[in-house]
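Numbered continuously in our numbering, the sequence shown closes out at residue 1535.
Take the hints with a grain of salt, since some may be wrong.
To be verified - For lysine-lysine, the following DSS-like pairs were computed, each having C-alpha atoms within a straight-line distance of at most 27 Å: (1) Lys1464 with Lys1444; (2) Lys1522 with Lys1472; (3) Lys1509 with Lys1472; (4) Lys1466 with Lys1482; (5) Lys1531 with Lys1466; (6) Lys1464 with Lys1445; (7) Lys1472 with Lys1524; (8) Lys1464 with Lys1531; (9) Lys1482 with Lys1524; (10) Lys1444 with Lys1489.
Read the hints as simulated data drawn from the structure, not as lab findings.
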Amino acid sequence: MAKKKVMVICGTGVATSTVVMQKLKTFFQEKGLEANLEQSKVSDVLNKGDQYDLIISTTAVPTNLQEKVINAVPLLTGIGKEKVFAEIEKRMNE
1442 MAKKKVMVIC
1452 GTGVATSTVV
1462 MQKLKTFFQE
1472 KGLEANLEQS
1482 KVSDVLNKGD
1492 QYDLIISTTA
1502 VPTNLQEKVI
1512 NAVPLLTGIG
1522 KEKVFAEIEK
1532 RMNE
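Between the sequences and the hints, there should be enough to build the whole structure, so can you do that?
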């Protein structure tokens, strides 16, 4: 199976996406999942979102890309994070 391309985004590509990126790296390592991860800002998704298999976001994303998006806010709050991690793992294994 080829490595999936995953874009991790927030409004500016700095603060919350950095926190989520670190949590994802740990999660992927623990689960033995391999991916090409890229951290970015939401405006970049308009230009290159279609190049990614999965978009993990802490902010709103254009509706034409919604099928690829997983809401990562629970990874910041801790409330519902298990469900988000389960969805990420499921999509990574598709």
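Is the straight-line distance between the alpha-carbon of Lys1522 and that of Lys1472 27 Å or less? Holds, at about 15 Å.
Would you mind confirming whether the straight-line C-alpha gap from Lys1472 to Lys1524 stays at or under 27 Å? Measuring from Cα to Cα gives roughly 15 Å; hence the hint holds.
Sort out whether Lys1531 lies within 27 Å of Lys1464, counting only the CA atoms. OK: Lys1464 and Lys1531 at ~17 Å, within 27 Å.
Holds or violated: Lys1464 with Lys1444, Cα cutoff 27 Å? holds (19 Å)
Please verify whether Lys1466 and Lys1482 have alpha carbons no more than 27 Å apart. holds (18 Å)
Does the structure keep Lys1444 and Lys1489 at a Cα separation of 27 Å or less? holds (17 Å)
Lys1482 and Lys1524 were given as a pair; does the straight-line alpha-carbon distance stay at or below 27 Å? holds (24 Å)
Holds or violated: Lys1464 and Lys1445, Cα atoms, limit 27 Å. Given pair Lys1464, Lys1445 holds - Cα atoms ~17 Å apart, limit 27 Å.
Between Lys1509 and Lys1472, does the CA-CA distance stay at or below 27 Å? The given pair, whose Cα atoms are some 21 Å apart, holds under the 27 Å limit.
Under the criterion that the straight-line Cα-Cα distance not exceed 27 Å, is the pair Lys1531, Lys1466 satisfied? holds (16 Å)
In summary, this structure violates none of the numbered hints.
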